[in-house]
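A.B. asks: Heads up: the protein sequence lines correspond to chains A and B, in order.
Going by full-length UniProt numbering, the first sequence opens with residue 1, and the numbers climb by one from there.
Going by full-length UniProt numbering, the second sequence opens with residue 1, and the numbers climb by one from there.
Heads up, some of the hints might be wrong.
[Unchecked claim] Listed below are the simulated BS3-like cross-link pairs for lysine-lysine, each with C-alpha atoms no more than 30 angstroms apart in a straight line: (1) A/Lys242 <-> A/Lys147; (2) A/Lys180 <-> A/Lys15; (3) B/Lys6 <-> A/Lys96; (4) A/Lys96 <-> B/Lys364; (5) A/Lys15 <-> A/Lys361; (6) A/Lys490 <-> A/Lys412.
Just so you know, these hints were derived from the structure itself, not from any lab.
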Amino acid sequence: MAKPELMDFDAALEKYEPVIGLEVHVELSTKTKMFSPAPNPSGDEHDAEPNTQIGPVDLGLPGTLPVVNEEAVRYSIQLGLALGCSIAEESSFARKNYYYPDSPRNYQISQYDDPIAFEGEVEVELEDGTVFQVPIERAHMEDDAGKLTHMGSTGRIQGASSSLVDYNRAGVPLVEIVTKPIFGGEARTPELAAAYVSTIRDIARSLGVSYARMERGNLRCDANVSLRPRGEEKLGTRTETKNINSFRSIERAVRYEIQRQAALLDQGTAITQETRHWHEDTGRTSSGRPKSDADDYRYFPEPDLMPLRPSRELVEELRAALPEQPVLRRRRLRGEWEFSGQVFQDIVNGGLLDAVDETVKAGAAPQGARKWWLGELSRLANEQGVHPTALATPQQVAELEALIADGTVNDKLARQVLEGVLAGEGSPREVVDARGLAVVSDDGALIAAIDEALAAQPDVLAKIQDGKVQAAGAVIGAVMKAMGGQADAKRVRELILERAQA
Amino acid sequence: MTDLTKLTAAELAQRLTAGETTSVEATQAHLDRITAVDGVVHAYLTVDAEGALQQAEAADAARAAGDTTSPLAGVPIAVKDNLVTRGLETTAGSRILEGWQPPYDAHVIERLRAAGMPILGKTNMDEFAMGSSTETSGFGATNNPWGLDRIPGGSGGGSAAAVAAFEAPIALGTDTGGSVRQPASVTGTVGVKPTYGGVSRYGAIAMASSLDQIGPAARTVLDAALLHDVIGGHDVRDQTSMTHDWPSFASAAQAGLESDAVAGLRVGVPRQLAEGEGFEAGVRERFQEALDVLTARGATITWIDLDTLDYAVAAYYLLMPAEVSSNLARYDSVRYGLRVTPEGANVEQVMSATRAAGFGDEAKRRILLGTYALSSGYYDAYYGSAQKVRTLVQGDFDRAFGEVDVLVAPTSPTVAWKLGERLDDPTAMYVADITTIPANLAGIPALSLPMGLSEGLPVGFQFMAPAREDARLYKVGAALEAALNEQWGSPLYAQAPELKEA
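Let's have the full structure, built from the sequences with the hints guiding it.
C.D. replies: Shown next as structure tokens:
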């Protein structure tokens, strides 16, 4: 009988201790590329026509020379500082030599033994509030390669009739953040891996140094996983699962590798040190290239570039200007807003933390701000394929909430006000005035409508008089309909109860 | 009527300024000379008659409009084929780039165009500047005008031969281990390697980035200085380019011609660069005579030992191929140049077949050497040790320049050897650069000027100065040149054999 391919996760954890190491590539959102003046297409130009965001340097044309982008250096220092790293007094670039058709010079310019930032620590909080300190080995700068599209039935290089090369991405600045081995994650190791990458994303976003969209490849993760039998000192052989492109996939891939490796070890089979590919559709990893005879990149100091010696003043200036750490900020806001963990997580996952924060700062109640951004605005934005913040400003939402709070409009009317705002009819207040959407607060008009509704539904009236107060709902509905929605439901309810007893 | 091709660049510029000739006439005269003699010299790979005449017309028009700022405006020039010229075929002497028309100009080419200097064409060279004889060119060797069966030196044999054969008044070369100075030495012309970083390398097809430097090839020291003034200075596209404020080199040369620049000069002669195995008797005699001239004019000569220079050639032949192996990786058939596609070949096989067909033996030899020297397990023993030697050589020069103003040596231990004589013995060829390589390792400026004949063939005299002291070389070089001309009765270049027009 064939041995099972995977070991049960809990069983695996009982026998083996998982150790992970994560390498995250962050695409910097500088205006130009790492070593050339060509535009950096990591943002809006992401979908630009192939080979339009390039110059001679990006194609590696003979005679071209790299020039380090100072903005990328600043961004890298900011990232390093936010990761709690030391910033090197002197750091240098090296050539990493390897051949690939999307690599214009056939060497990558990277940092080898002198990275710009080293030895840091990042606080990672899991959903249940557990906090891990993840040790950072280094953060170094490098440039990206282009992209290949293989023409053929499979879309893979094997069997392709030809391959097309797009060098738009060639030279996009990257920072590669490498952790030290992470111990102690135990059964939460998969969750920890995803939470770590998500923390890196939040830090990059809070600094404004990257668009940090995983689905666009602004953020890419390679996960190293190894197991060691309980009680053993020596680390097990690791595998490196490459280019995982969502948080959920990171979690799944790490979990899968733990189960797969445990099954192999349990059968007495050695783990092969290799790169592996993650398959979203099947939820499995498959073998890539073996690393047993390790690649020889023939690193040597990049002779076209002088070493970087960032001034201490610059480093201290950037340190002083660091924003509040995302994890600390979230902890603070969650406390201030008094939301449940899940509600708060929804805001974070929706990329709406800043929007809600700004809306609250503009005077809205946290609940109200959350309701609009996560509700109506997210729904409309989803329909239009844009981000909610592209539709309205926090100031507009706060003003809308103020109109509700002071009773000028009710929830239903507020939706119409928002519609007007989105249609460009002006501020919420202006829309209310122009469309005449204010709630009718004249009790006389309401009482007339209530009396009419009660007369039309004598059975309901009887129920209310019997003490079944909830039956009033049907009458409220009829009154609101009669008033064209422009009535304060709370007041209507009060009046109904009054009139029923009269 | 004066033969315009027999004038120096300075003399030609003077006539242009005086209105005695036009740039079109001067350019046409050189194009006619090329037509007449290049069949036997083969100094040029590409002649751009149409482009040169257009630029000459523009230079004449600018002068007529009073818009002439450069002292060399209107003076035509030849350019080594590893300097990238927009729209004009640039091959670096390699079949792998045959037909390539660059979409951009090198920094020095932009400077030439801005100075109004018509570009006559691209000169022959050892493939990717690898060689000491111009015989490794993918397009056939160049012949020495002083003896057509002799090598013109390398790698810039084409530029030196063009200037010596009056096919151009002045030219540009590149010097990685002596490729401007050694050709100057064996063709009776002047060649300069500026301080590393003194001239931008942007657009110079790299051989070994940390050693390459663009420099003037001319018939007089003053001409070289005038050209250096045109091409020198900072360029933001080359991070190794110095921001130093350079003095006028032409003024320095003028000062050397007009004053007693040699009186009190402390001259050091490194034994390692002036005697030993391989130095021909005739070369040693001419060198001693030149030293005598310097002494007679008030210089003091000190022979010194710079022991680390014994290892300079070995270090150079490790560092240079290491950089070559990386710099030449971009020639892979993907983006430009040659592509060889064997039936059914995959991408790696196409790259391999292209490189097999496109690179000559010397290029392949150096790629292999360099790949080996950088490979893991050998890096420290080879590349690492060579780097240490380089640092020691720099230290030796620093110490020497604490005691003397300039260092001198024969530019080459021998006169021009016969074509084919050393082609099968690469190491014999490598040793030919023993006298020129140390300046490249140290990054210091060096100048070669003619110091007479041995067996009817030119011998070169080399001055070296501390980094950034290029002006010193022009001053003392011009002074020695004037003294030697006085002794010979006419400049050496004027004694070159008449070429039988082909």
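A.B. asks: Now tell me, hint by hint, if it's right for this structure.
C.D. replies: The hints, checked one at a time:
no.: 1; hint: A/Lys242 <-> A/Lys147; verdict: holds (16 angstroms)
no.: 2; hint: A/Lys180 <-> A/Lys15; verdict: holds (23 angstroms)
no.: 3; hint: B/Lys6 <-> A/Lys96; verdict: violated (50 angstroms)
no.: 4; hint: A/Lys96 <-> B/Lys364; verdict: holds (20 angstroms)
no.: 5; hint: A/Lys15 <-> A/Lys361; verdict: violated (51 angstroms)
no.: 6; hint: A/Lys490 <-> A/Lys412; verdict: holds (13 angstroms)
When the structure is compared with the earlier hints, violations turn up for hints 3 and 5 and for no others.
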